[in-house]
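**Q** So the sequences go chain by chain: A and B.
Read left to right, the first sequence gives residues 10 to 289 (the numbering used here).
Read left to right, the second sequence gives residues 2 to 321 (the numbering used here).
To be clear, the hints were calculated from the coordinates, so they are not data collected in a lab.
It is possible that some hints are incorrect.
Said to hold, decoys possible - With a straight-line cut-off of 16 Å between C-alpha atoms, the simulated EDC-like cross-links for lysine to aspartate or glutamate are:
1) B/K85 with B/E272
2) B/K157 with A/E47
3) A/K185 with B/D27
4) A/K234 with A/E86
5) B/K223 with B/D213
6) A/K204 with A/E280
7) A/K234 with A/D77
8) B/K91 with B/E66
9) B/K117 with B/D27
10) B/K117 with B/E208
11) A/K112 with B/D27
12) B/K200 with A/E280
Stated by the list, open to error - Chain A is nowhere near these chain B residues, computed Cβ spacing over 12 Å in every case:
13) D27
14) G72
15) I79
16) S133
17) N172
18) T175
19) S190
20) D205
21) A209
22) A287
23) W308
Every residue gets a Cβ at the ideal spot worked out from N, C-alpha and C, and that includes glycine.
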Amino acid sequence: MTIKWNQAGRHLFMIIFSLVMIYPVIWWIGASLKSNAELSSPGLFPSKPQWSNFVNGWHSVPGHSFTDFYLNTFGLEIVLLIVTLISSTLVAFGFGRLDFPLKNFWFSLLMLTLMLPGQVLIIPQYAMFHQLGWVNTYLPFIVPHLVASGAGGTFFVFLLIQFVRGIPRELDESAKMDGCSWFGIYWRIVMPLTKPAIVTVMIFCFLWNWDDFLGHLLYINSVDKYTVGLALRMINDSSSGQEWGQLLAMSLVSIVPATLVFMFLQKYFVEGIATTGIKG
Amino acid sequence: MSQTTTVALKTAAGTKKRKSFLSRWDAPIAGYLFILPWLIGFFGLTAYPMILSLYYSFTDYTLMEPISWVGARNYERIFTADDKFIQSIKVTFMYVIASVPLKLIAALLVAVVLNKAMKGISAYRTAIYFPSLIGGSIAVSLLWRNIFGVDGIFNKILGIFGIGATGWVTNPSTALWTLVLLTVWQFGSSMVIFLAGLKQIPNDLYEASSVDGANKFVQFFKITLPMLSPTLYFNLIMGVINAFQMFTSAYVITNGGPMNSTYVYALYLYERAFSRYQLGYSSALAWIMLVIIVVVAAIIAGTSKYWVFYETESGGKKRK
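Construct the entire structure; sequences and hints are all you get.
**A** Structure below.
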């Protein structure tokens, strides 16, 4: 009997706790449909939903619509995902599978850069990209990802190395007998078997670049190249809190991609976080 | 299957003798080719920029004018005549000291409750993880600014309990706490890591101690906490490193104000570097930050031998 009561109490605690955690998001959904006058009323949902918040918010940046910003962001994300996929798996295969002089030395350097606070690099990298004329292009994002650096790049390599090491080496040996080159082994054997880890890497690459607000703020200046995050900041600044409904509506839309990724790929999320201790 | 492998291995041994000089270098050359992207990245985008930034920190570099060497003058000014530096250090330490432990404690406690093989664990986990998923975005920062504004929902809820309204983000004594709360709200990702750690603790430890008459609290402090301490240690170090670099929420929610009460270090760095383009001065700031983070991490690592337990191979617990 007491065990049952314990169980019930625990559920009650967890239900209340989960509701408290999620409450701001529920309120957010309601608020995105409220008029400005109704926003400060305590009710969760508006008496009359203002769908115009979404329509007007979508066009609230003069001369542009959020369609442009989403296309920009998704376009950039796709390039970054492809580039990260190629570079991080190549490097991970090299570290995880091949023996070469100084490997342990390079690997410990890689581990060291995992802990390096990124903000030390912001200023010199900005100066470098500025001299190269890359400011206000997407190159400051693409090039670092091309060399397994950039937002979380080292983390991805590390995660993949751990996974590649777990794939039995006998597979390589027999493939080599069949005349398979190292690249062949990478491409035909190790890559297909690394798929779960690759999915995890892709998920976090997508999310971290979506939220790389400081990077976008630094390198993208012209509105026609703006990402969704910068556009949100822009309507926040220009409306100075006058159109909270629209602002909250557009903010809400901007978390939909992350939410969808999470809903459909939850398994990979939990595994990725748990095995590597990645920050969410 | 195993038979074919043995045959294959035998043939491998046979061909090895006939391998040419070049094929002995096959793996090393291939190895370096595979890691080449990372090597370029490491030298071009990590090592070189770090040296560059160290050099900048001794100059008056501003992106426009020619660079001139100023010696240690940047550092001198930061330590002797820079009120904003002092203020941002104070704010950042307050933020780190408040947010990191609170986040870890919340993550640990909820993980322990959740770990008791409950039905619906995945639903709870989803609800609790969700804030971590979206919390870093500018969207949530905008939401936070509204919730904790004078007319925000937080004041309305307090009003129900008869607590007077205040502008949480516009009041210098509470503004930083709204940012701390936003960070703590995102404890879900740490919790998932703790849950994975809890799964590793062998059940017979609990069973044996129950036989010896240990209650839940004793078990928590004598078994759960020591067994989980390596995970806790890792989370603590990473949490501290991340907290020192907090930027987006301070920039969007309060922009450092009111009265510089949320003026975190990263914000100051950003302002010096990209509003005033004093890249030399801000490089010095960045290096000071790096040294502070390294020292704090080293202190935590130094204390770890007193509280982080590693299992020895024989299975017993032992201090490292």
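**Q** Can we trust that B/T175 is non-interface, i.e. its beta-carbon lies farther than 12 Å from all of chain A?
**A** holds (17 Å)
**Q** Does A/K185 pair with B/D27 here, judged by a C-alpha cut-off of 16 Å?
**A** Roughly 12 Å between the alpha carbons, so the hint for A/K185 and B/D27 holds.
**Q** What's the verdict on B/K91 and B/E66, does the C-alpha distance respect the 16 Å limit or exceed it?
**A** Outside the cut-off at roughly 33 Å; violated.
**Q** Is the Cβ of B/G72 more than 12 Å away from each Cβ in chain A?
**A** holds (19 Å)
**Q** Per the stated criterion, does the least C-beta distance between B/A287 and chain A lie above 12 Å, as a non-interface residue requires?
**A** Violated, because the least Cβ-Cβ distance between B/A287 and chain A comes to about 5 Å, which does not exceed 12 Å.
**Q** Given the hinted pair B/K157 and A/E47, is their Cα-Cα distance within 16 Å?
**A** holds (13 Å)
**Q** Is it the case that B/S190 keeps its Cβ farther than 12 Å from each residue Cβ in chain A?
**A** violated (3 Å)
**Q** Would the least Cβ to Cβ distance between B/W308 and chain A come out above 12 Å?
**A** B/W308 is indeed farther than 12 Å from all Cβ atoms of chain A, at 18 Å.
**Q** Just want to verify: B/D27 was marked as not at the interface with chain A; is every Cβ pair farther apart than 12 Å?
**A** violated (8 Å)
**Q** Are the Cα atoms of B/K117 and B/D27 separated by 16 Å or less?
**A** Judged against 16 Å, a Cα distance of about 52 Å means the pair is violated.
**Q** Taken at face value, is the distance from the CA of B/E272 to the CA of B/K85 at most 16 Å?
**A** holds (11 Å)
**Q** Quickly compare the C-alpha distance for A/K234 and A/E86 to 16 Å and report which way the hint goes.
**A** holds (13 Å)
Checked against the numbered hints given earlier, this structure breaks hints 8, 9, 13, 16, 19 and 22; the rest are met.
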